[in-house]
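Given the coordinates of chain A, work out where chain B should sit on it, guided by the hints.
Protein sequences appear in the order of chains A and B.
Just so you know, we're using the working numbering here: the first sequence kicks off at 498 and counts up by one.
Just so you know, we're using the working numbering here: the second sequence kicks off at 356 and counts up by one.
No lab work stands behind these hints: they were computed from the structure.
A quick note: this is a predicted structure, and the numbers were derived from the prediction, not measured.
C-beta: ideal position from N, C-alpha, C; glycine also.
Be aware that a few hints might be false.
[As the list claims (entries may be wrong)] Pairwise CB distance ranges, derived in the manner of DEER restraints:
#: 1; chain 1: B; residue 1: Ser511; chain 2: A; residue 2: Phe554; range: 31 to 41 Å
#: 2; chain 1: A; residue 1: Pro532; chain 2: B; residue 2: Lys361; range: 47 to 57 Å
#: 3; chain 1: B; residue 1: Leu671; chain 2: A; residue 2: Ala529; range: 16 to 26 Å
#: 4; chain 1: A; residue 1: Lys519; chain 2: B; residue 2: Arg421; range: 30 to 40 Å
#: 5; chain 1: B; residue 1: Leu671; chain 2: A; residue 2: Ala527; range: 27 to 37 Å
#: 6; chain 1: B; residue 1: Asp402; chain 2: A; residue 2: Thr504; range: 17 to 27 Å
#: 7; chain 1: A; residue 1: Ala509; chain 2: B; residue 2: Glu409; range: 16 to 26 Å
#: 8; chain 1: B; residue 1: Ser423; chain 2: A; residue 2: Met498; range: 40 to 50 Å
#: 9; chain 1: A; residue 1: Ser526; chain 2: B; residue 2: Thr418; range: 49 to 59 Å
#: 10; chain 1: B; residue 1: Thr548; chain 2: A; residue 2: Leu520; range: 38 to 48 Å
#: 11; chain 1: B; residue 1: Thr548; chain 2: A; residue 2: Leu510; range: 43 to 53 Å
[To be verified] Far from chain A, some chain B residues (derived; all Cβ distances over 10 Å):
#: 12; residue: Ala384
#: 13; residue: Glu388
#: 14; residue: Ala410
#: 15; residue: Arg421
#: 16; residue: Leu434
#: 17; residue: Pro487
#: 18; residue: Glu599
#: 19; residue: Ala687
#: 20; residue: Thr692
[To be verified] Chain B side only, calculated, beta carbon under 8 Å to chain A, not exhaustive:
#: 21; residue: Arg429
#: 22; residue: Ala676
#: 23; residue: Gly690
#: 24; residue: Val694
One letter stands for each residue in the lines below.
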Amino acid sequence: MLRTHLTTLDRALLRLLEERAKLCASAPSAEACAPSIEDLLRRADGDIDAARITEVFEAIHEGSAPAPKR
Amino acid sequence: MIFTFKKDTSEAELQRIVSELEAAGIRTARSPESRRPILAAVDPVPDETRARLEALPHVDSVTKPRGSWRRVDRAFRELPTVVDVSGVPFGARGVAVIAGPCSVESEEIIGEAAETAKRAGAHVLRGGGFKPRTSPYAFQGLGKEGLRLLKAAGDSSGMPVVSEIMDASQLPAFLDHDIDCLQVGARNMQNFTLLKAIAGVGKPVMLKRGLSATLKEWLQAAEYLAAYGCDGIILCERGIRTFETATRNTLDLTVLPLLRQWTHLPIIVDPSHAAGIPALIPPLSRASIAAGADGVAVECHPRPAEAKSDGAQALLPGELATLVAETRVVAAAVGRTLV
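Isolated chain A, as found in the complex:
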């Protein structure tokens, strides 16, 4: 049961990350698609601490930001 729930959530997270990357691909710069960490921290009301949230979203940004233009 746990595996079913986690797999379903992971697949949804993956699709959301792909959607984010798709949007970022058309952004003029990496900065333009940086997450608003402050806003996310204000909204966070679960069990993940602020440092971890920051770390995760920075990694997401790094993974979905467009490559620097030459």
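Only chain B this time, still in chain A's reference frame:
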């Protein structure tokens, strides 16, 4: 009756079966499906003929449609149909958003609406030139000039356009202005003269569900379009009339999973006309996508209070942007994406 053949069935074998059926007075329709031959018997097939054909080595399966339609039945295509509206696909993995004002009111308003819809993330611009209004005294639309302004706004913002056609006499105006998708409104769903007239012109058709139409009546209307040559049919659920008066209509989301079983056609939802209340449109859009809609069609207006028709149910530009963003999230959660 729909006969699905094995992939290696030869054209000669297929032709032999077609000839046999036609010789018995049974008209046939060949599916455009490229993966394997699929053949519909338009007329009733006697039990003994069916049993004999079913036993042939090339016949994979025989399906009896749930109604008297053939070409729009799920079994007539192996995969769901994807309808291309000038580059925007309906029925593929992507979910499309159609947005725009109820009526084209002026060059300025439709231009502004198109730009805001595009910025919000919409894919197709809607707007009525010819308006089917309940009252003869209400704004009837700008007619042909409205279509010209709509197409110009679509071109300028980079979006194909959809507009409602009410009568076959209006068809030349739609073709002259190269309207990308013809909308048949709820009141005209069973106007078979209109359906036959527009089916063969090579344009996709968005067929709205009639106010009190059953699913069978709706698919039967779609069959008219298919039988007369239209291969780009998009169904649009827009709410039905029930005993409930709190909303303009009652949105029937049941059709989404049910029609997936009954037809291969793409299905979108118009929550604006279903609810008639702007605050209900975002949650109904999310629910529609979650239930399997291939898109949503919503009304928006840069200044709803000044709108000449249906302003009370139009979303503001900011509300549309939020709706599209939320649609993206729900689509991802159910394994889809935005177009």
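Tell me, which hint numbers fail for this structure? The structure conflicts with hints 6, 7, 19, 20, 21, 22, 24, although it agrees with all the remaining ones.
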